[in-house]
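Peer 1: Let the hints inform the model, and build the full structure from the sequences given.
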Amino acid sequence: MSENLLDIKDLNIFFKSDKNPEPIHAVRDLSFSLKQGEMLGVVGESGSGKSITNLALMGILGDGAIVKARECSFNGRELLSLKEREWQKVRGGEIAMIFQDPMTALNPFLTVEFQIVETILAHLNISKSEAKNKAIELLLQVGITSPKDRLKSYPFELSGGMAQRVMIAMAISTGPKLLIADEPTTALDVTIQKQILTLIKSLQEKNNMSVILVTHDLGVVSEFSERVQVMYAGELVETGNTSDLIKNPHHPYTFGLLSSRPGAVERLAKTPLASIAGIVPAFHQRPVGCQFNPRCVHVQEDCKKGSIPIERGVRCLHPMMEALS
Amino acid sequence: MKFFLKKFLDLIPTLLGISLICFFMIRLIPGDPVLNLVGERGVDPVRYLEMKKALGLDLPIIEQFWHFLKNAFHGNLGTSIVSNNSVWFEFMERFPATIELSLVALFFATLIGIPLGIYAAIKRNSFFDYFLMSSSLIGYSMPIFWWGLILILIFSVKLGLTPVSGRIDLTFDIPLFSGLYLIDTLQSAVLKADGLKPFWSAIKHLILPATALGTIPLAVIARMTRSSMLEVLGEDYIRTARAKGMSKTRIIYIHALRNALVPIVTTLALLFGSIITGAILTETIFSWPGIGKWIVQSITSRDYPVIQGGVLIISFIIIMTNIIVDVIYYFLNPKMRN
Ligand SMILES: Nc1ncnc2c1ncn2[C@@H]1O[C@H](COP(=O)(O)OP(=O)(O)OP(=O)(O)O)[C@@H](O)[C@H]1O
Ligand code: SF4
Ligand SMILES: [Mg+2]
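Just so you know, the sequences run in chain order A and B. At position 253 of the first sequence the residue is numbered 253 (the numbering used here), and the sequence of numbers has no breaks. At position 125 of the second sequence the residue is numbered 125 (the numbering used here), and the sequence of numbers has no breaks.
Don't take every hint at face value.
Stated by the list, open to error - Below are the DSBU-like pairs computed for lysine-lysine, each with C-alpha atoms no more than 35 Å apart in a straight line:
hint	chain 1	residue 1	chain 2	residue 2
1	A	LYS68	B	LYS123
2	A	LYS304	A	LYS247
3	B	LYS2	A	LYS16
4	A	LYS148	B	LYS2
5	A	LYS9	A	LYS201
6	B	LYS123	A	LYS16
7	B	LYS335	A	LYS148
8	A	LYS89	B	LYS52
9	A	LYS132	B	LYS335
10	B	LYS248	A	LYS35
11	A	LYS304	A	LYS9
12	A	LYS177	B	LYS248
What the hints assert, rightly or not - For the chain B half of the interface with chain A, some residues (derived, Cβ under 7 Å), not all of them:
hint	residue
13	ASP236
14	TYR237
15	THR240
16	ARG242
17	ALA243
18	LYS244
19	GLY245
20	HIS255
21	ARG258
22	ASN259
23	PRO263
24	LYS335
Stated by the list, open to error - For each label pair, taking beta carbons as the anchor points, the in silico distance ranges come out as:
hint	chain 1	residue 1	chain 2	residue 2	range
25	A	ILE126	B	ILE154	56 to 62 Å
26	A	ASN241	B	LYS335	44 to 50 Å
27	B	LYS335	A	ILE126	30 to 36 Å
28	A	GLY143	B	LYS2	48 to 54 Å
29	B	PRO115	A	ASN241	53 to 59 Å
30	A	PRO287	B	SER126	34 to 40 Å
31	B	PHE3	A	ILE126	40 to 46 Å
32	B	GLU93	A	GLU84	54 to 60 Å
33	A	PHE114	B	THR14	38 to 44 Å
34	B	ILE328	A	PHE15	38 to 44 Å
35	B	PHE8	A	TRP87	48 to 54 Å
36	A	LEU121	B	ARG124	27 to 33 Å
37	B	SER126	A	PHE15	16 to 22 Å
38	B	MET142	A	LEU121	44 to 50 Å
Keep in mind that the hints were calculated from the coordinates and are not lab data. Yeah, the Cβ is synthetic: ideal placement off N, Cα and C, and Gly gets one too.
Peer 2: As C-alpha cells, this is what we get:
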C-alpha cells in the first residue's frame with residue numbers, strides 16, 4: 001500500500017457534446033498525489049479544469065462526462081471502479097466538499113439542522129439526538145455563536161460567511177480524510193475570506209485531514225498551502241513547493257500568473273510580461289504542441305508540435321531559470 | 001397576516017367588476033326571459049307586463065343592478081325565473097356534482113402527472129421523455145368538446161363499457177349526505193341494500209367525463225413538473241446533496257421535489273379556474289348535472305338571476321381557491337414566512 005491518501009495517474013475527462021461527434025477533452029493526463037494531512041493548493045485561470053477534476057474525484061460529474069484514469073486510488077481503493085452504493089459512502093463520508101457560493105450550496109427549503117443531521121446520519125452509526133448534539137458541537141467548532149438558534153435557521157437567514165461555516169461544519173461532520181474546498185472564499189467579503197481560510201487550515205491540522213484548496217489567488221496559496229499545482233487548459237503545467245514556485249516559477253504561465261497579481265508589478269517591472277495576453281483556447285481550437293504556445297513570449301518552433309512532457313514538475317520545453325532572483 | 005387581509009380586500013372590487021360585466025352582457029344578448037317562460041305565441045300584453053313587473057325587469061337597468069348588488073350583499077342571490085327556487089338552493093343542489101367531477105379529474109391529473117413529470121426529468125432526453133412531452137403537447141391542445149365526443153364514441157358507443165350520461169344508474173336510491181356519490185354510495189344503508197353496485201356505477205359514470213376534463217390539467221402538470229424538476233436538479237444545492245453521499249431517491253424526494261412543488265402548486269390553482277371552465281363544457285357533453293350544465297341551461301332560458309348569481313358564486317370560489325393556494329405557498333416556502 002502506498003503512503004499516499006490520494007494517487008491520481010493520467011486522469012482524463014471528456015464531455016460528450018451535442019454539436020461535435022468527438023467528445024470534448026477537458027482534462028488531459030493529470031497526475032498528482034496527496035499525503036494524509038497535507039494541503040494542496042490548485043490555481044489556474046477560469047476554465048482550466050479545476051472544478052471538474054474535483055467533481056470527478058467525487059464521482060458526481062454527471063451523465064455527459066467520461067472519466068478515465070490509469071489510477072485513481074483513494075485510501076487504497078480504486079475510485080473509478082466503485083459502485084454507486086460505495087460511492088455514496090465515500091462522498092461526504094471520506095471525501096467532503098465545499099463550494100464557491102455557500103448561499104446557493106445549501107438547500108433553501110431545509111433548516112441547517114436538517115442538512116447537517118442528515119449528513120451525519122448517512123455516514124455515522126449514531127442516533128438522531130446524538131447527531132443533533134454533534135451538529136451543535138460542530139457549529140461551535142467552526143466559530144458560530146448560539147449554535148442552537150442557528151440550527152433552526154434556513155440558509156437565507158445566514159450571512160455568506162456564516163453559511164460557508166455551516167458548509168464547513170457539515171463537511172467535517174463525518175470526519176472525512178479529504179476535504180475539497182473549491183474556491184471557498186471567492187463569493188465572500190474580503191474580511192471574511194481570511195477567517196474562513198484560517199478555519200480550514202486549523203481544522204486540517206487538528207483533524208489531520210488532507211485538503212485540496214482551489215483558488216484563483218496565488219497569495220492565498222502561498223500563505224496556507226505547502227504545495228501547489230498550476231493548471232492551464234485542462235493540463236497540469238507546474239507543480240512544486242509553494243515558496244519555491246513563487247520565488248522561482250519555471251513555466252511562463254506560472255510566471256504570468258504571478259506577475260498579474262497586484263503588488264507583483266513593482267517586483268517584476270524589469271521583465272517583459274506584466275500580465276498574460278490572450279485567453280485560454282476553446283476546446284475545438286486547442287493548439288498543437290504546448291497548450292500555452294499562442295500566449296507564450298518564449299515560444300519556439302518545437303513548442304508547436306507533439307505533446308510536451310512534464311519534467312521535474314514543469315511542462316515546458318524552455319523553462320525559465322531563476323526568473324525572479 | 002397583512003398579506004392575507006389585503007388579498008381579501010382585493011376580492012371585493014374583483015367580484016364587483018365580474019358582476020357588472022356579467023349583468024350587462026346577459027342583457028345585451030337578444031332574448032327575453034318572460035317570453036321564454038310563457039312561450040312566444042299568444043302573449044297577453046297585460047299579463048306580460050305584469051310578469052315583467054313581478055320579476056323586477058321593468059325597472060331601469062341601473063336600478064336592477066343596484067337591487068341585485070344590495071340583495072347579494074345581504075346573501076340573497078335571487079330566485080330562478082324558471083323554477084322559482086332560490087339561486088343558492090339550485091346552486092347547492094348541483095355544486096357537489098361539479099366538485100366531485102373536478103376533484104376526481106384534478107386528483108388523477110396530479111396523481112399521474114407529477115410522477116410522469118418527475119420520471120421524464122430524471123430520464124431527460126430519453127425516449128420516454130420525448131414520448132411524454134409530445135403526447136402532453138397533444139393532450140394540452142385537445143379541444144374538450146371533441147375529445148369528450150371521441151371518448152363517448154369509443155368507450156360508450158363502440159365498446160359499451162361506460163354509460164353516456166348522468167352520475168349514477170337511476171335505479172339506485174342514494175340518500176344524500178355529502179352530495180359526492182363516491183362517498184354517499186358507501187353509506188351503510190346503501191351498502192345494505194345494493195352492496196357496492198351503486199359505488200361502481202358512480203365510478204363508471206365518472207370515468208369518461210373525468211378523463212375528458214382531466215386531460216389538459218394532466219398535460220400541464222406533467223410538463224410543469226418536468227421543467228420545474230429539471231430546474232431544481234440543476235441547482236447548486238443538489239450538487240451539495242450528491243457530494244454529501246445522499247442516495248438518488250433521497251435527492252429527488254427530499255432535496256428536489258418539495259422545492260419543485262412550489263411552482264406546481266401555483267399551477268394547480270391556475271388550473272382550477274380552467275377546470276371550472278372545462279367543467280361547463282364537459283358537463284354539457286356528458287349531461288353531468290353540475291353547475292356547468294346549470295349555467296348553460298340558464299343562459300338558454302335567459303334565467304337572469306341564475307346567471308348573475310351563479311357567475312358570482314363561481315367567481316367567488318375561484319378567487320377563494322387562489323387565496324388558499326397563496327396560503328399553501330406561504331407554508332411551503334420558508335422565505336415567504338419572513
Ligand atoms: N457538463 C459539461 N459539459 C461540457 N463541458 C463542461 C461541462 N462541465 C464543465 N465543462 C467545461 O470544462 C471546462 C473546465 O471547467 P471547470 O469548471 O473545471 O473550470 P475551473 O477551472 O473550475 O474554472 P473556474 O475557475 O471558473 O471555476 C470549462 O471550460 C467548462 O466549460
Ligand atoms: S513549451 Fe514553449 S510555448 Fe509552451 S510554455 Fe514552454 S516555452 Fe512557452
Ligand atoms: Mg471552478
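Peer 1: Would the hint linking A/LYS304 and A/LYS247 be met if the CA-CA limit is 35 Å?
Peer 2: Holds: A/LYS304 and A/LYS247 sit about 28 Å apart, inside 35 Å.
Peer 1: Given a hinted range of 54 to 60 Å, is it respected by the beta-carbon distance of B/GLU93 and A/GLU84?
Peer 2: holds, 58 Å
Peer 1: Is the shortest C-beta separation between B/THR240 and chain A less than 7 Å?
Peer 2: holds, 5 Å
Peer 1: Starting from the hint 27 to 33 Å, judge whether the C-beta atoms of A/LEU121 and B/ARG124 obey it.
Peer 2: Given range 27 to 33 Å: holds, Cβ gap about 30 Å.
Peer 1: Can you confirm whether the C-alpha distance between A/LYS132 and B/LYS335 stays at or below 35 Å?
Peer 2: Satisfied, since the Cα-Cα distance of roughly 24 Å is no more than 35 Å.
Peer 1: Are B/ARG242 and chain A close enough, Cβ to Cβ, to be under 7 Å, as the hint says?
Peer 2: holds, 5 Å
Peer 1: Is B/LYS335 close enough to A/LYS148, meaning Cα to Cα at most 35 Å?
Peer 2: holds, 20 Å
Peer 1: Between B/PHE3 and A/ILE126, does the C-beta distance stay in 40 to 46 Å?
Peer 2: holds, 42 Å
Peer 1: Verify the proposed pairing of A/LYS304 with A/LYS9, using a straight-line Cα cut of 35 Å.
Peer 2: This hinted pair holds, its Cα atoms lying about 25 Å apart.
Peer 1: Does 16 to 22 Å hold as the CB distance between B/SER126 and A/PHE15, or does it fail?
Peer 2: holds, 19 Å
Peer 1: Is 48 to 54 Å a correct range for the gap between the Cβ atoms of A/GLY143 and B/LYS2?
Peer 2: violated, 37 Å
Peer 1: Do the alpha carbons of A/LYS9 and A/LYS201 lie within 35 Å of each other, as the hint requires?
Peer 2: holds, 27 Å
Of the numbered hints stated above, those contradicted by the structure are hints 3, 8, 23, 28, listed in ascending order.
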